[in-house]
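Visitor: Sequence:
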Amino acid sequence: MTIDSPLSAWQQAIAQKGFVQDEAQEHAVWALHKCHEALHEGRTPVSGVYLWGPVGRGKTWLMDQFYQSLRIPARRQHFHHFMGWVHQRSFQLTGTADPLKALARELSEEVRVLCFDELFVNDIGDAIILGRLFQVMFEQGVVVVCTSNLPPDQLYADGFNRERFVPAISAIKQHMQVIAVDGGEDHRLHPGAASQRYWVVEPGQPGALDEVFAALTVGQPVSSEPIKVGYRSLDVVKASPGVLWSRYANLCEQPFAAMDFMTLCDTYSAILLGDVPNLSAQKRAGRIARGTEDGVERVEAGDRVLPQLSVHDDGVRRFIALVDECYDRKVPLYLEAQVPMASLYTEGYLEFPFRRTLSRLQEMQLQRFAQS
Numbered sequence: 001m002t003i004d005s006p007l008s009a010w011q012q013a014i015a016q017k018g019f020v021q022d023e024a025q026e027h028a029v030w031a032l033h034k035c036h037e038a039l040h041e042g043r044t045p046v047s048g049v050y051l052w053g054p055v056g057r058g059k060t061w062l063m064d065q066f067y068q069s070l071r072i073p074a075r076r077q078h079f080h081h082f083m084g085w086v087h088q089r090s091f092q093l094t095g096t097a098d099p100l101k102a103l104a105r106e107l108s109e110e111v112r113v114l115c116f117d118e119l120f121v122n123d124i125g126d127a128i129i130l131g132r133l134f135q136v137m138f139e140q141g142v143v144v145v146c147t148s149n150l151p152p153d154q155l156y157a158d159g160f161n162r163e164r165f166v167p168a169i170s171a172i173k174q175h176m177q178v179i180a181v182d183g184g185e186d187h188r189l190h191p192g193a194a195s196q197r198y199w200v201v202e203p204g205q206p207g208a209l210d211e212v213f214a215a216l217t218v219g220q221p222v223s224s225e226p227i228k229v230g231y232r233s234l235d236v237v238k239a240s241p242g243v244l245w246s247r248y249a250n251l252c253e254q255p256f257a258a259m260d261f262m263t264l265c266d267t268y269s270a271i272l273l274g275d276v277p278n279l280s281a282q283k284r285a286g287r288i289a290r291g292t293e294d295g296v297e298r299v300e301a302g303d304r305v306l307p308q309l310s311v312h313d314d315g316v317r318r319f320i321a322l323v324d325e326c327y328d329r330k331v332p333l334y335l336e337a338q339v340p341m342a343s344l345y346t347e348g349y350l351e352f353p354f355r356r357t358l359s360r361l362q363e364m365q366l367q368r369f370a371q372s
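Residues in the sequence shown are numbered consecutively from 1, following my numbering.
Treat the hints as calculated values from the structure; they're not laboratory data.
Keep in mind it's a predicted model, so treat the numbers as computed, not measured.
Take the hints with a grain of salt, since some may be wrong.
Per label pair, the in silico range of CB-to-CB distance [unchecked claim]:
hint, residue 1, residue 2, range
1, Gly95, Gly141, 24 to 30 Å
2, Pro203, Leu358, 20 to 26 Å
3, Asp123, Lys173, 17 to 23 Å
4, Pro255, Thr94, 23 to 29 Å
5, Phe91, Pro255, 15 to 21 Å
6, Asp123, Gln11, 37 to 43 Å
7, Leu358, Gln92, 36 to 42 Å
8, Pro206, Phe91, 44 to 50 Å
9, Gly204, Phe91, 49 to 55 Å
10, Gly84, Glu139, 21 to 27 Å
11, Arg89, His40, 26 to 32 Å
12, Gln154, Arg112, 26 to 32 Å
13, Ala15, Glu110, 42 to 48 Å
By construction, the Cβ of each residue, glycine as well, lies at the ideal position given by its N, Cα and C atoms.
All chains, please: the whole structure from these sequences, using the hints.
Guide: Printed below as a string of structure tokens:
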């Protein structure tokens, strides 16, 4: 099917059985359509589009239709992938008079449009970079279209040195049309053919993943030897050339990064994760002593209160990154846990970002979630 514009893609989807239409999506579609028209008619300047709202409202789908219909140079990335590239390129440009401006100029020579999925800022280093980067990208004529669960004014809301991020918010509001996409229901939860990929461990009963792994690896050589992921070794339960089976502690509680999960999704067509514990835990207060380093900025005076991370939150961050990567790449993720899915993470510092993770896990239980 040829996609001529985000509007035609939306209209075609409406004509198909099972697509649920709502007014919020229609408002977003028209904003994207006007941006699409302005880009292809060569107008300047062109306002980008910032789509925000709760999980499952169709933001990513709408942005993807916009991106797929573009006939001009464009790049589409998950936001944390983009920031990984920014950090790497900024380091390579060390010594340049204005590294971020040079980076933005390079970007503008490569693409006219930049599409971000899941813009979310919780790292002080990212916040400080973005405070300037958004300004110089817009100055260089890069048009940004993105999705987020938060409106611009709530990005990095409780972050340290938030004043360093405020210029990014101002630039977003000046150069992008901000659209709330909240039709009131999670479209991911509409009925569909089920394909179970989540099990709760039953005491005294055999686990489900052994049977799943056997079914997925028919005719493939299987090994229990550790595998190499980046510079580290990952202990596995079993692995074949196309399927990986590991334990939560080995994959999410070890110092693996988002780039490592990207590598796994490039390598394996299915990932099994067993022994997933109850990830909820009470928050615990933390403090940073006077005069120590707080990210990039030195604390000049007084104690600083750190986020109230719970005991599991380092692993939960990696779990969120793993789910995001599997979801984006359409790599089925099979989980066996101690508690039902809805009870995986109900208390802790990461409650807000975990809502998206839960919604994605729910969608991944449907047959339509598979590699295309």
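Visitor: Does each hint fit the structure? Answer for all of them.
Guide: The hints, checked one at a time:
1. Gly95 / Gly141: 24 to 30 Å: 26 Å, holds
2. Pro203 / Leu358: 20 to 26 Å: At 24 Å between Cβs, range holds.
3. Asp123 / Lys173: 17 to 23 Å: The hinted range 17 to 23 Å holds for Asp123 and Lys173, with Cβ atoms some 22 Å apart.
4. Pro255 / Thr94: 23 to 29 Å: Given about 25 Å between the Cβ atoms, the range holds.
5. Phe91 / Pro255: 15 to 21 Å: Once the Cβ atoms are compared, 20 Å apart, the range 15 to 21 Å for Pro255 and Phe91 holds.
6. Asp123 / Gln11: 37 to 43 Å: 39 Å, holds
7. Leu358 / Gln92: 36 to 42 Å: 37 Å, holds
8. Pro206 / Phe91: 44 to 50 Å: 49 Å, holds
9. Gly204 / Phe91: 49 to 55 Å: With Cβ atoms ~53 Å apart, the hint holds.
10. Gly84 / Glu139: 21 to 27 Å: 23 Å, holds
11. Arg89 / His40: 26 to 32 Å: 29 Å, holds
12. Gln154 / Arg112: 26 to 32 Å: 29 Å, holds
13. Ala15 / Glu110: 42 to 48 Å: 36 Å, violated
The structure fails to meet hint 13 from the earlier list, while all remaining hints are met.
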